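Next come the chains, spelled out residue by residue.
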Amino acid sequence: MSQIDINELFDESRFPSGWRLFSVLLYLPIGLILVLFRLIVCLLLWLIAAILPDSQALRLFLNRGHAFAFGVIVKVSPDGEQKDEQIHVVIANSISILDYFVLSTAAKTMTPSLLNLPDSLSNALGIQKMNMNNKDVLVAEIKRFISNSKTSIALQPELDTTNSRKALLKFNTWPFCIEPAVQPVVLQAWRPEFVDIQLTSIASIWWMDIICFMFVPYTIFTVKFLKVKRNTDAHVLVREVEKDIAQNLKIETSLHTISDKAEYIKRHIMEEVRNQNQQNSIISDSQIVPSMEILRMVRQVSEVLPLVPHNVILKDLLKTRNVDVTITNILDGIVTYTPETVSTTIAPSSSTNKRYASTMKLNSNNSTVGLTFKEKKAKMISEARERYIEKHFLKDC
Amino acid sequence: MMAGSALRRLMAEYKQLTVNPPEGILAGPVNEENFFEWEALITGPEGTCFEGGVFPAKLVFPPDYPLSPPKMQFTCEIFHPNIYSDGRVCISILHAPGDDPMGYESSAERWSPVQSVEKILLSVVSMLAEPNDESGANVDAAKMWRENRTEFEKIAQRLVRKTLDLPV
Numbered sequence: 001m002s003q004i005d006i007n008e009l010f011d012e013s014r015f016p017s018g019w020r021l022f023s024v025l026l027y028l029p030i031g032l033i034l035v036l037f038r039l040i041v042c043l044l045l046w047l048i049a050a051i052l053p054d055s056q057a058l059r060l061f062l063n064r065g066h067a068f069a070f071g072v073i074v075k076v077s078p079d080g081e082q083k084d085e086q087i088h089v090v091i092a093n094s095i096s097i098l099d100y101f102v103l104s105t106a107a108k109t110m111t112p113s114l115l116n117l118p119d120s121l122s123n124a125l126g127i128q129k130m131n132m133n134n135k136d137v138l139v140a141e142i143k144r145f146i147s148n149s150k151t152s153i154a155l156q157p158e159l160d161t162t163n164s165r166k167a168l169l170k171f172n173t174w175p176f177c178i179e180p181a182v183q184p185v186v187l188q189a190w191r192p193e194f195v196d197i198q199l200t201s202i203a204s205i206w207w208m209d210i211i212c213f214m215f216v217p218y219t220i221f222t223v224k225f226l227k228v229k230r231n232t233d234a235h236v237l238v239r240e241v242e243k244d245i246a247q248n249l250k251i252e253t254s255l256h257t258i259s260d261k262a263e264y265i266k267r268h269i270m271e272e273v274r275n276q277n278q279q280n281s282i283i284s285d286s287q288i289v290p291s292m293e294i295l296r297m298v299r300q301v302s303e304v305l306p307l308v309p310h311n312v313i314l315k316d317l318l319k320t321r322n323v324d325v326t327i328t329n330i331l332d333g334i335v336t337y338t339p340e341t342v343s344t345t346i347a348p349s350s351s352t353n354k355r356y357a358s359t360m361k362l363n364s365n366n367s368t369v370g371l372t373f374k375e376k377k378a379k380m381i382s383e384a385r386e387r388y389i390e391k392h393f394l395k396d397c
Numbered sequence: 001m002m003a004g005s006a007l008r009r010l011m012a013e014y015k016q017l018t019v020n021p022p023e024g025i026l027a028g029p030v031n032e033e034n035f036f037e038w039e040a041l042i043t044g045p046e047g048t049c050f051e052g053g054v055f056p057a058k059l060v061f062p063p064d065y066p067l068s069p070p071k072m073q074f075t076c077e078i079f080h081p082n083i084y085s086d087g088r089v090c091i092s093i094l095h096a097p098g099d100d101p102m103g104y105e106s107s108a109e110r111w112s113p114v115q116s117v118e119k120i121l122l123s124v125v126s127m128l129a130e131p132n133d134e135s136g137a138n139v140d141a142a143k144m145w146r147e148n149r150t151e152f153e154k155i156a157q158r159l160v161r162k163t164l165d166l167p168v
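Residue numbers (the UniProt record's numbering), protein chains in the order written: chain A, 1 to 397; chain B, 1 to 168.
Chain B extracted, bound-state conformation:
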C-alpha cells in the first residue's frame, strides 16, 4: 500500500504544481515512468546575489513519502553556506523530527506529511536569499558569507552566469 499512496500523493502534487506553479519555480518528474525522481529549476530570488540564476536540482523521494522527506541535491555548481559542495541541500524542512544531531532546529520547521514539494522549494528560495550561517554545510561558504560578503557575491554572480550558459 505504501508505495501506491506515495505515488498518488506525488502525482497529486505534480498536478498541483503544474496547474498553479509558484513563480520562478519549475518541478516535475524527470520522466513520467518514475515519479520518485524529480527535477526542479529554481530562480534565484530578486534582490539577492543569486538573482537571475536558474539553478537545477534533483529530488529523490523515498517509497514511504510523505512520511519521510525527499532528498534534494543541486546538479549545478553552487556555493552556499547551507549546501554541501556536492550539491546536497541542508535545510530543516528536509529533516524528519528527531534526526537533528545538532539540535538546532525546532520540530515545527521539520519535515512532516503536512509539508510538500512546493513548500520545500519555497524554503530553498528563501534559503538562497538568506543563508543560515549557523548550520554550515559548506564551512568555506559560511565563513566567506560572514567575513567577506563582496567576494561571496562575486562567486554567486559567476555561478548565476554559469547556470544561464553566459560567459563568466
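Here chain A stands alone, though its shape is the one from the complex:
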C-alpha cells in the first residue's frame, strides 16, 4: 500500500483535451438532441410508473426503458464467475452515479437508498428505500430485508466514486458485518472514443453526471463476478475483498476514505475561487495606503484569527470598515486565504501528538456524520467498550 496522492483518484475535468475535445464539440449538436429526446423518454417512463399498477412486466419494461434513456448497456464479463444465488450480499467498486442500476440489471440486486419512489420504479432502477440514519439501523434493516426476500443487496463500501485508474477508496467495514459470505463484483465502463467523457469528475453535480449519460450515444458497463469470499471476521473479509477487486481492476488499494475525498473537493473548490479572486484584484491591491485606524483594526482581527495573512484582513477591512464583519466574512469562508505558517517554534510535545494522531488515523471510521453530539458520545463510549471487551475478555474465552 504505497503512498498515493489523493488527486490521482479523481479527474479534475470530465472532458478530454486535444483532438478528443474537438470531436466532442463536433458531436455536440447530436448529443444535445439526444439529451432532449432521452429526457422526454424518462419523463414518460416516470408517468407510466405513476399511473400503471405494479407488475413484473411493468418492472421489466421500466428497467429496459431506463437503460435506453440513460444509454446504458450492461454486459456480464464471460471470464468471471457466475452469480451465486446463495449469496445475499454483493460488493462492488464505485464508478458512477448509475452503479446501482447496472448492478440491478446484471445481478438482480437492490441498493439501499433514501429515495422514496413507487415500487415498480424503484425496483426497475434497483434501489430499495431504507432507513440510513446510522449504520447499525441500516445493517439491521438489510438483514431483515435479506431474510424476507430472495433478492440480494448490492453495497459499495467505498461509498463514493473514483476514476478507477489508480486506486480504490478505503472500504468501509460495515457492509461486511451483514453476512459472513459476500460476492465481490468488478464494475468497469467504456464510452465511444469520439465522445471520451468521463463518468464523473471531482466536485461534479449528480444531474450533470446523468446528463452526460444521456449526451453520449451509449455507455457500456461490464460486470465481472468474482469468487465468493467467506470469513466470519468482517475486518479480515473487508481487506480480502478490497484486495481482490483492486487486483482485478489492476489498481491499488489506498487509505483515503470518503471524508478525505470530501476534504479534497472542498480544497479544490476553494482554490478555484481564490484563483478567480486573484485575477480580479491584482490591480486594486497596489494602490492601498492604509491609515493608522485600519492598521489597528487589522491587529484586532489578527488577534482573533492569527493564521490569516495581514494583507487578506486588510483587503477585506478596506471594504467593510468593521472588525466584526471582517471576522465573520473570514469565518464564513466569504474571504478565502492560505493560512500563514506558524512561526513560533513548535512545542516538543507536538511530535508525539503527531505520532498518536497518525497511528490513530489508521482505524478511522467516518460513520458518525449526521449524529447529534450526544449520540456521537454514546457511540464512542460503546465502541471503546466493545473494543476493550474484545481485547481483554474474549481472548480468554
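Calculated directly from the structure, the hints in this document are not laboratory data. Bear in mind that the values here come from a model prediction, so they are computed numbers and not experimental data. Positions of the beta carbon are idealized from the N, C-alpha and C atoms, including for glycine. Worth double-checking, as some hints may not be accurate.
Said to hold, decoys possible - Cβ pair distances, simulated, as ranges: (1) A/137 <-> B/62: 37 to 43 angstroms; (2) B/130 <-> A/137: 38 to 44 angstroms; (3) B/130 <-> A/320: 43 to 49 angstroms; (4) A/12 <-> B/31: 39 to 45 angstroms; (5) B/167 <-> A/50: 56 to 62 angstroms; (6) B/167 <-> A/181: 34 to 40 angstroms; (7) B/86 <-> A/374: 22 to 28 angstroms; (8) A/277 <-> B/77: 26 to 32 angstroms; (9) A/378 <-> B/86: 23 to 29 angstroms; (10) B/31 <-> A/262: 24 to 30 angstroms.
Said to hold, decoys possible - Mimicking SDA-like on lysine to any residue, the simulated pairs with C-alpha atoms at most 20 angstroms apart in a straight line are: (11) A/376 <-> B/20; (12) A/108 <-> A/74; (13) A/377 <-> B/23; (14) A/243 <-> A/65; (15) A/376 <-> B/76; (16) A/135 <-> A/172; (17) B/58 <-> B/33; (18) A/376 <-> B/31; (19) A/108 <-> A/65; (20) A/391 <-> B/46.
Knowing the structure of chain A, use the given hints to seat chain B on it.
Positioned in the frame of chain A, the structure of chain B alone reads:
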C-alpha cells in the same frame, strides 16, 4: 465586540472539529445555546496504561477567548501526575505566557491565539501517554509514576474500566 468574536471563533473551531475530527477525540458545546462550555471525550492512547479508556472532560472558555486560554477539567476519576485530584488539567498549553510561577515552561509551549481546542486535546492525549513528572499537579501520582510503575498501571487500568462502565 470581544464576546462576539470569541463566539464566532468557537463556532468555527467546533465546525472544524465536526468536519474533520481527530481520531479518538470528540469535543463540542454541552448545548448549542452556550458555546463557552464544552465537553470533550478523549480516548486513552494506544500502547499506554490509559489505552482503551474514554475520559470525559469539561472545557470552559473565557469571554476573551482566544486571547486567554480555556480551563480544562476531567469529570471522571483520574490519577495522573499532571492532573489535580479534582480533575483540573495542568499542562503548559493551557497557561498564558507570564503566568508560570515555577518557570518550567518555555513560552513556545504556552497558550496563544494560534493554539486551538484541537491542539489542547492532542496535547492532553500526549500528556496521558507521557506524564511530565516535573510539574506535579498530583504529587502522589507523580511519585508512584516514578517509583512504582506497576502499581500506577494497575490504578490506570481500573480507571479505564470505570470510564467504560465495566466491572473493575
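Verification of the supplied hints:
1. A/137 <-> B/62: 37 to 43 angstroms: 41 angstroms, holds
2. B/130 <-> A/137: 38 to 44 angstroms: Since the Cβ atoms of residue 130 of chain B and residue 137 of chain A sit about 40 angstroms apart, the hinted range of 38 to 44 angstroms holds.
3. B/130 <-> A/320: 43 to 49 angstroms: 46 angstroms, holds
4. A/12 <-> B/31: 39 to 45 angstroms: 42 angstroms, holds
5. B/167 <-> A/50: 56 to 62 angstroms: 58 angstroms, holds
6. B/167 <-> A/181: 34 to 40 angstroms: Cβ of residue 167 of chain B to Cβ of residue 181 of chain A: about 36 angstroms, so the range 34 to 40 angstroms holds.
7. B/86 <-> A/374: 22 to 28 angstroms: 25 angstroms, holds
8. A/277 <-> B/77: 26 to 32 angstroms: Violated, since residue 277 of chain A and residue 77 of chain B (Cβ atoms, about 53 angstroms apart) do not stay within the stated range.
9. A/378 <-> B/86: 23 to 29 angstroms: Holds, since residue 378 of chain A and residue 86 of chain B (Cβ atoms, about 26 angstroms apart) stay within the stated range.
10. B/31 <-> A/262: 24 to 30 angstroms: 27 angstroms, holds
11. A/376 <-> B/20: Measuring from Cα to Cα gives roughly 14 angstroms; hence the hint holds.
12. A/108 <-> A/74: 12 angstroms, holds
13. A/377 <-> B/23: 13 angstroms, holds
14. A/243 <-> A/65: 35 angstroms, violated
15. A/376 <-> B/76: 18 angstroms, holds
16. A/135 <-> A/172: Judged against 20 angstroms, a Cα distance of about 11 angstroms means the pair holds.
17. B/58 <-> B/33: 16 angstroms, holds
18. A/376 <-> B/31: 14 angstroms, holds
19. A/108 <-> A/65: 16 angstroms, holds
20. A/391 <-> B/46: 12 angstroms, holds
Hints 8, 14 from the list above are not met by this structure, while the remaining hints are.
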